[in-house]
Structure formats: C-alpha cells, structure tokens
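J.: Sequence:
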Amino acid sequence: MRVFRRDKWVCRWCNRLVIFPPVMRLIEREVRADGNNNPLSYYHLHWTRDGAPLLDELGAVIDHVEAHSTGGSSEEPNLATACCKCNVRKSAASMNEWAKRPQRKPIKGKGGEPQYWDGLSALFVLLARRNRDGLSASERDWLKVLAGATADAR
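Each step along the sequence shown adds one to the number in the numbering used here, with nothing skipped, and position 64 is 64.
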C-alpha cells in the first residue's frame, strides 16, 4: 500500500491513473444485490478484457523496476505502481531494454494531475464494511490495512 500511495496511484510507466482491483468485485456485487442481472464486465478473476476491461487496462499492480527474475530486489525502492498493461508489456525487461521499446503515449491531465486520487480504495473500504461476510481472506486483509490508513489520515 505504501508503494501505491507513494506513486499516487499513477502508473510509473505511462502516467495513467490506476484502480485498486478488489473494489471492482465489490462494485459488481453491489449492482447485483440491487437486482441487476444484466451481463456486467466489472470484475473477472483473471482481469480478461471481455470480463473486466477496466482491470485489463488500468488494474493497479506492483511492478519490479529491475525484474525479480533477473535479480531485482523486492525492497520498496525497486517497486513501482504500474497499470496492468504496462506490467505485462514490460515483463522482465531491464530498464535499458524497456527504454528501447515503443512506449505507450503517456497521459497528461489538461488541468494537471488529480491531487487526491486514491485508486478507489476509499470506495473499497465503504463497500467492504457493508458486507464483511462476503469478503475473501485477502480482501479482509486489505480492509484492515486501508481502514487503518483511513483512520490515520483523519
């Protein structure tokens, strides 16, 4: 969570805002609970384009700047927020190899970057608190971390 916050929920490689993936499952659950049985593409376990287009494109992941598979550490300075697309495209490339590849056009906000973007993590806390029984073990862990951080921010 420190890496996401440090990077302000922005992909280091393409500068796109990213979304905290577990929130999309909870949004879909809320829509379903309201009686909507239409086909939805908010969440898919594997973030497929047809099943979850936002996650396929903008799901927040932690990427190793220097790939773990090539000896990069898992220490915080070697970790970066990335969107799913950039993480897949970069794979295990070194920074030199990555720099030589065609890059996605970086996004630049017309009025500047949002000052308070949180990747929808506050929405995750709100929805997760509504129905704790329906949370997976990892979602309960995320809730503890995020709810604690929200309380600290107050």
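Derived by calculation from the structure, the hints in this document are not laboratory data.
In this text the structure is predicted, and so the values were computed from the model without any measurement.
Please note that a few of the clues may not be correct.
[Stated by the list, open to error] Below 25 Å or equal to it, Euclidean Cα-Cα: the simulated BS3-like pairs (lysine-lysine) are:
#, residue 1, residue 2
1, Lys100, Lys85
2, Lys8, Lys110
3, Lys144, Lys110
4, Lys85, Lys105
5, Lys85, Lys110
6, Lys108, Lys8
7, Lys144, Lys85
8, Lys8, Lys144
9, Lys8, Lys85
J.: Look at each hint and say if it fits the structure.
T.: Hint-by-hint comparison with the structure:
no., hint, in the structure
1, Lys100 with Lys85, "holds, 17 Å"
2, Lys8 with Lys110, "holds, 17 Å"
3, Lys144 with Lys110, "violated, 35 Å"
4, Lys85 with Lys105, "holds, 12 Å"
5, Lys85 with Lys110, "holds, 23 Å"
6, Lys108 with Lys8, "holds, 14 Å"
7, Lys144 with Lys85, "violated, 28 Å"
8, Lys8 with Lys144, "holds, 20 Å"
9, Lys8 with Lys85, "holds, 18 Å"
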